[in-house]
Amino acid sequence: MSPVQNVLASLATGAVEVLDLTAPLSSDTPTLVLPEPFANLIDFSIDEVSAYNEPGPFWKHHNIHTGEHIGTHIDAPIHWISGREGKDVSQLDPARLVGPAVVLDFSAEAAADPDFLIDISHLVDWQEEHGAFPANSWLLFRTGWDQYGHDQQAFLNLDEDGSHTPGFTAECAKWIAEELKISGIGVETVGIDAGNAGALNPPFPMHYFLLGADKYGITSLKNLDKLPTHGAMIVVAPLPIVGGTGAPTRVLAMVGKS
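The numbers in our numbering rise by one with no breaks, and the one at position 87 of the sequence shown is 87.
Keep in mind the hints are simulated off the structure, nothing from the lab.
This one's a predicted model, so the numbers in the text were calculated from it and none came from an experiment.
Some hints could be false.
Claimed, not checked - In silico DSSO-like links for lysine-lysine, alpha-carbon gap of 30 Å or less:
#1 LYS60 x LYS181
#2 LYS222 x LYS257
#3 LYS222 x LYS87
#4 LYS174 x LYS222
#5 LYS226 x LYS174
#6 LYS60 x LYS174
#7 LYS257 x LYS174
#8 LYS181 x LYS226
#9 LYS222 x LYS181
#10 LYS60 x LYS87
Said to hold, decoys possible - With beta-carbon atoms standing in for the labels, derived distance ranges:
#11 LYS181 x ASP113: 48 to 56 Å
#12 PRO134 x SER2: 40 to 48 Å
#13 ASN63 x GLU171: 32 to 40 Å
#14 LYS226 x GLU179: 28 to 36 Å
#15 VAL98 x ILE241: 53 to 61 Å
#16 LEU34 x SER90: 42 to 50 Å
#17 ASN63 x PRO134: 51 to 59 Å
#18 GLU129 x SER26: 36 to 44 Å
#19 ASP20 x ASN136: 31 to 39 Å
#20 LEU252 x GLN5: 37 to 45 Å
Glycine included, each C-beta is placed from N, C-alpha and C at the ideal position.
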């Protein structure tokens, strides 16, 4: 059989399982809150147009209203000033939206310190134990933050000092962007940077370095605890919005059953 036939046969027999890494999208989905004077996106909402009635006797359909960066979504290079000459979400390379998934577990560190920042040494140590990150892979960072996805306050963890969620040091963000031959990274938090990353140099370094290097970021993932450390395949499927800086995204993983 061809490689594609092998995958299809494995799906048919259940030897390969498909896991959904996407958070459900609704008006209750936790969303980023930027402080004044910055403008925020609209939250997700859905309006009924017809429901098997006079406006549409045989069908039901809705209008949806949403910002680009709401819920599980992808950041395209043009989302950030460092990638302003780069690709919009409709131009992302399809071959880079499918690839190996590598799961790095920092849930214990994030539980001990919600402001925990992943540094270069953490990733070097991980590769010494597990091997090099594969080319075209997606690095998925498990922090346990998806457990708060039902609660806006807990998910953003806001107080008078800002938002307290885990992320990356500026040095680590630069290293990932410049030294690793990956397609992108994925996180369980509301954004690809730490909650208080505005205080780093440069501000929001993962956005700045990753998107400036033509790599992609996905946020608000769930079910990373169900994935193996390596060996899974990820499928990242954003809406191809022309001119879009990002889009709500369905993220699936294929995992071999042991």
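Hint-by-hint comparison with the structure:
For a cut-off of 30 Å, the pair hint linking LYS60 to LYS181 is broken: about 45 Å separates their Cα positions. Under the criterion of a C-alpha separation no larger than 30 Å, the hint pairing LYS222 with LYS257 is consistent with the structure, at around 19 Å. For the proposed pair LYS222 and LYS87, the alpha carbon gap of about 26 Å is at most 30 Å, so the pair holds. Under the criterion of a C-alpha separation no larger than 30 Å, the hint pairing LYS174 with LYS222 is consistent with the structure, at around 25 Å.
As the CA atoms of LYS226 and LYS174 are separated by approximately 29 Å, the hinted pair is consistent with the 30 Å bound. Note on LYS60 and LYS174: the hinted pairing is violated, with a Cα-Cα distance of about 48 Å set against a maximum of 30 Å. Between LYS257 and LYS174, the direct Cα distance comes to roughly 36 Å. Violation of the 30 Å bound is thereby established for this hinted pair. Proposed proximity of LYS181 and LYS226 is supported: the alpha carbons are some 25 Å apart, at most 30 Å.
A C-alpha spacing of about 24 Å is found between LYS222 and LYS181, which places the hinted pair at or below 30 Å, so the restraint holds. With a C-alpha separation of about 35 Å, the suggested pairing of LYS60 with LYS87 is violated against the 30 Å cut-off. A hinted range of 48 to 56 Å for the beta carbons of LYS181 and ASP113 is inconsistent with their spacing of about 30 Å. For PRO134 and SER2, the hinted distance range of 40 to 48 Å is not satisfied, since their beta carbons lie about 22 Å from each other.
About 45 Å separates the C-beta atoms of ASN63 and GLU171, a value inconsistent with the hinted range of 32 to 40 Å. Checked against the given bound of 28 to 36 Å, the beta carbons of LYS226 and GLU179, roughly 29 Å apart, stay inside it. Roughly 19 Å separates the CB atoms of VAL98 and ILE241, a value that falls outside the hinted 53 to 61 Å. Range check, LEU34 to SER90: about 25 Å between beta-carbon atoms, so the 42 to 50 Å window is missed.
ASN63 and PRO134 have their C-beta atoms about 41 Å apart, which leaves the hinted 51 to 59 Å range violated. For the pair GLU129 and SER26, the supplied restraint of 36 to 44 Å holds, since their beta-carbon distance comes to about 39 Å. Between ASP20 and ASN136 the beta carbon distance is about 22 Å. The supplied range of 31 to 39 Å is therefore violated. Between LEU252 and GLN5 the beta carbon distance is about 20 Å. The supplied range of 37 to 45 Å is therefore violated.
When each numbered hint is compared with the structure, violations occur for hints 1, 6, 7, 10, 11, 12, 13, 15, 16, 17, 19, 20.
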